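So the sequences go chain by chain: A, B and C. Residue 139 in our numbering sits at position 139 of the first sequence, and the numbers go up by one each step. Residue 233 in our numbering sits at position 233 of the second sequence, and the numbers go up by one each step. Residue 260 in our numbering sits at position 260 of the third sequence, and the numbers go up by one each step.
Since the hints were made in silico from the structure, they are not lab data. The model shown is predicted, which means the values in this text are computed figures rather than measured ones. Ideal Cβ placement from N, Cα and C applies to all residues, glycine included. There may be inaccurate statements among the hints.
[Unchecked claim] Here are the computed distance ranges between Cβ atoms for each label pair: (1) A:His191 <-> C:Tyr3: 29 to 35 Å; (2) B:Ser283 <-> C:Ala318: 45 to 51 Å; (3) C:Val13 <-> B:Ser176: 54 to 60 Å; (4) B:Asn107 <-> C:Leu117: 29 to 35 Å; (5) A:Ala259 <-> C:Thr182: 56 to 62 Å; (6) A:Asp240 <-> B:Thr22: 44 to 50 Å; (7) C:Asp90 <-> A:Ala59: 28 to 34 Å; (8) A:Asp240 <-> C:Ala97: 45 to 51 Å; (9) A:Val123 <-> C:Val186: 51 to 57 Å.
[Said to hold, decoys possible] Every beta carbon over 12 Å from chain C, so not counted as near; a handful from chain A, in silico: (10) Ile43; (11) Arg92; (12) Leu104; (13) Ala189; (14) Thr210; (15) Gly230; (16) Trp244; (17) Ala256; (18) Gln258; (19) Leu274.
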Amino acid sequence: MTVSVAAAPAGGRLSSGALRNLAQAIRGNRKATVGAALLLLFILIAIFPGVIARDNPSADIYARALNPSFKHLLGTTALGQDIFAQVIYGTRQSLIIAIVAGLLATALSVLIGVTAGYAGGLVDNVLSLVTDIFLVIPTFPLIIVIAAYTKNAGDWVLIAVLVATGWSYGARQLRVQTQSLRNRDFLVAAHLRGERNGRIIVFEILPNMTSLLVANFLGAALYAVLAAAGLQFVGLGNPDIQSWGTMLYWAQNNEALQAGMPLWAIVPGVCLALLGAAFALLNYAFDEMSNPALRPVRRKRGR
Amino acid sequence: MAVDGSAPAILEVQGLTVEYITDGPPARAVDDVTFSVRPGEFLGLVGESGCGKSTMLFSIAGLLQPPAEVRDGAVLFKGQDLRRLSERDLRAIRWRGFSVVMQSAMNALNPVKSVGAQFSDAMRAHGTTDAEQIAQRSQEVMRLVGIDPVHLRSYPHQLSGGMRQRAMIAMALLFSPDLILMDEPTSALDVVAQRSLMYQIKELQERLGFAMIFVTHDMSLVTRFSDRLAVMYAGKIVEIGPTPQIFNHPSHPYTQGLFDAFPSMYGERRALIGIPGAPPDLSDLPSGCKFHPRCPQARPECSQEDPVAYQVDDAEVRCVLYKPVKAARG
Amino acid sequence: MTYVVRRLSFFVVTLWACITMNFLIPRLMPGNPALDMMARYQGRISPVAYKALEVAFGLQTHQSLPAAYVSYLGNLFTGDLGTSLTFFPDSVESVIASALPWTLGLVGLTTILAFILGTVVGMIGAWRRGGKLDSLLPPIFIITSAFPYFWIALLAILVFSINLHWFPLGFGYSNGAHETLTWGFVGDVLRHAILPALTILVTSIGGWILTMRNNMITTLSEDYVSMARAKGLSPGRIMIDYAGRNAILPNLTGFAMSLGFVVSGAVLVEYVFSYPGVGYMLLEAVDNGDYALMQSLFLLITIAVLVAVLILDFVTFAIDPRIRTQS
């Protein structure tokens, strides 16, 4: 996780060409382009799994522990399922959890972080204390404890837990950013115009933090992907659904590595790593966009 | 006046050109600048913000960082071209031959080291390792600027703004250099502290005899204390000469405009005249004379050719208004 | 002084919050799974111990919440954490005591090593801005810092253990080895620790490198670094004494913040390698419905992180004179 305080851009409302600017920014930054391309690929796979993988992922009708072949691109599991199909269909689960948990966690970060930064005083102190507490507590053990009690209680419980543990880092960053914007002239002007606080926050402050908000979302999504996979891997997720984490769980349970089925254990991990890398690259790229000092320096040779 | 008119120049800048690399065309912050500084001379360097004066100072001191680059020119210090020296040789001259004083001491002093430790760093880097000697010299320079040497133990944040600034000057004097480059050393202070610091600097200069290039945007401050004045605009020195002459009879229209904007406290009341327009974008400069779009005395040829420097009494002025029938310089 | 007081009170408040969370969580869970657990204890432990468990897990319906809370705190401070179901009849405290050294050794040492190494690499990388190292570092380490810990662990096992047979598959030491302090045993322990240690190192170092690099870059643009160059100081001294010392300060805070994250990953690494540390025990406890052990381990892990953060706070206090001399 990078620690960077974003330089606040000039005040003013969000320009209408925002989406176009975003696309341009992504194309201009190499890390962002790679990250975005990967993410797009995964999204496509998640939406149209049937187009890419012919087999039914849960159908255990094939011979067991087959090596990769033309018919089974990644071989089969110890239970006779096609690994390639499982990987493709598992994409959807991981992506949904990442995006939903990421959005909700970011929303919570905004709620707490911006309020703390804007309100100041006692409200700020209390909210900051809560944020710091959640920041310090090791989240995965906490998730394990909660998951242990709520075994198989469903995806929404999982998402709730991820959100409850993943909002604190973003809240801290947003609070700092809000504070630096709070005393800017354009906000004082808005206040004098009689705009109410709620409106100021939504229409004046938030638009000036877009790249930070996006970076936060990506960070939260990354966290959600890894934490969810970790939970599923140790068997605390729902073992019947198709996801990369559960694939790893079954692979581990069947001692895939030792039994000569390495792909079963390695490939879902590769996908996790790639999706994680996509989020991480985009996250870093947005950090760079908010803080120009971090951009790659072109060093001229010679002279 | 401690200026020795017969001695060779201590600093000679010849044809210095510095550019900033951008995504678009490069911004030329210093454009083919040539001037020299005599031993013991107080040269004031003035101009609007963004005209390139700080960049020039930093390029003389060899402190430029990417994206700034020296494109051309020579910087002769006591006859040696600093640009041609190896990093090692340059380091040996640094601080002993010339030193630097920056605008904000709070930013220029390492926050996690005591003032004394930063003094001793400099001395150790140049061969003085005896602790006794270091302590002695440190106390000496502190007393020179009027600070109790007990503050050598202090950290920068524990000193007041004025004291910090003077501590920085003390550090600059450690090796009794022949030249000190000062980049707006008084801008961070309030008016009263500014004045008192200027008096102190002037007094130190007369006592110790170092030459000085003093960059500032505060005309009133610098005209009071300097020997010579150089006015910079869009990367070029448009007028340079003895301060009394430039103050009393500014020649270049830009210099005139600058002085017009600083009314005198005494003398008759007159309207405040500013210079219309804004300084140009250094990566997209106007053709011909860079000042012509804002110049009240512009002529047709001003947009065509960039004037060279012409002699006007003891000063040099880059303006076609002073082109003699026979050219003084090519 | 106010800094010290502030950090200490934060420590106490957070500690209290965790203990309270530990108390409330079982009570908030649907279906009260603790009931099943209690059934397995029935008749096998003393009535006093049984009662303590009831308090801890909210099964005493005729005791008010505040009273139960007080009893719980009392039990906690007398060190009575219950009996472990997984390792019956061992007490929870004894299980923790046997697992703790393994984790402290593996996770503790590796994390510190990764931080130091990462900081140095990040510092040098930023110093040589624009060079090859600088353009390669960020993309590589951004990607590696996003890898799941357990996947790297699996890869490590596959390559170094199964394929190359360089290191053992897992566990803390070989089967049948005696837990004595002989060179043979120590060597055995080290052999078993190398792969898990490498996994943690490789996955966590990326974050430190990047953070230090970014902080260094910001610091290098500061005026005092230019001044140091102007004074003619050697590049090494500038990099370490002027830039590095300032850049590392926010890094320490970052280190403290991400400890929770590293510990989380370490839990999974222990699991994959069946390494007998606290994280492994935690997951074993979950598998066995051994809630008493599980909650105590959670509390322990949290406290360990809090203590580490407090230590880092004190280190910052010692290094940064601005904090030290604030009166």
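Can we confirm that no CB of chain C comes within 12 Å of the CB of Ala256 of chain A? 9 Å, violated
Hint says 45 to 51 Å; check whether the CB-CB distance for Ser283 of chain B and Ala318 of chain C agrees. This hint holds: roughly 48 Å between Cβ atoms.
Quick check on a hinted range of 29 to 35 Å for Asn107 of chain B and Leu117 of chain C, using CB atoms only. For Leu117 of chain C against Asn107 of chain B, whose Cβ atoms are near 31 Å apart, the range 29 to 35 Å holds.
Verify that the Cβ of Ile43 of chain A lies farther than 12 Å from every Cβ atom of chain C, and report whether the claim holds or is violated. Given that every Cβ of chain C is farther than 12 Å from that of Ile43 of chain A, nearest at about 17 Å, it holds.
51 to 57 Å was suggested as the range; check whether the CB atoms of Val123 of chain A and Val186 of chain C agree with it. 55 Å, holds
Non-interface label on Gln258 of chain A, tested against every C-beta of chain C at 12 Å: Since the minimum Cβ distance to chain C is about 7 Å, Gln258 of chain A lies within 12 Å and the statement is violated.
Separation of Leu104 of chain A from chain C, once the least beta-carbon distance is taken, above 12 Å: Nearest chain C Cβ is 20 Å from Leu104 of chain A, so the label holds.
Regarding Asp240 of chain A and Ala97 of chain C, is the given constraint of 45 to 51 Å on their beta-carbon distance met? Hint violated: Cβ distance 39 Å, outside 45 to 51 Å.
Closest CB of chain C to the CB of Trp244 of chain A still more than 12 Å away: 10 Å, violated
Is the hinted range of 56 to 62 Å satisfied by the C-beta distance from Ala259 of chain A to Thr182 of chain C? 35 Å, violated
Arg92 of chain A non-interfacial with respect to chain C [C-beta, more than 12 Å]: The claim stands: Arg92 of chain A keeps its Cβ more than 12 Å from every Cβ of chain C (closest is about 19 Å).
Least C-beta distance between Gly230 of chain A and chain C, which was stated to exceed 12 Å: Per Cβ check, Gly230 of chain A is inside 12 Å of chain C; nearest 6 Å; violated.
Of the hints listed earlier, those the structure fails to meet are numbers 5, 6, 7, 8, 15, 16, 17, 18 and 19, in rising order.
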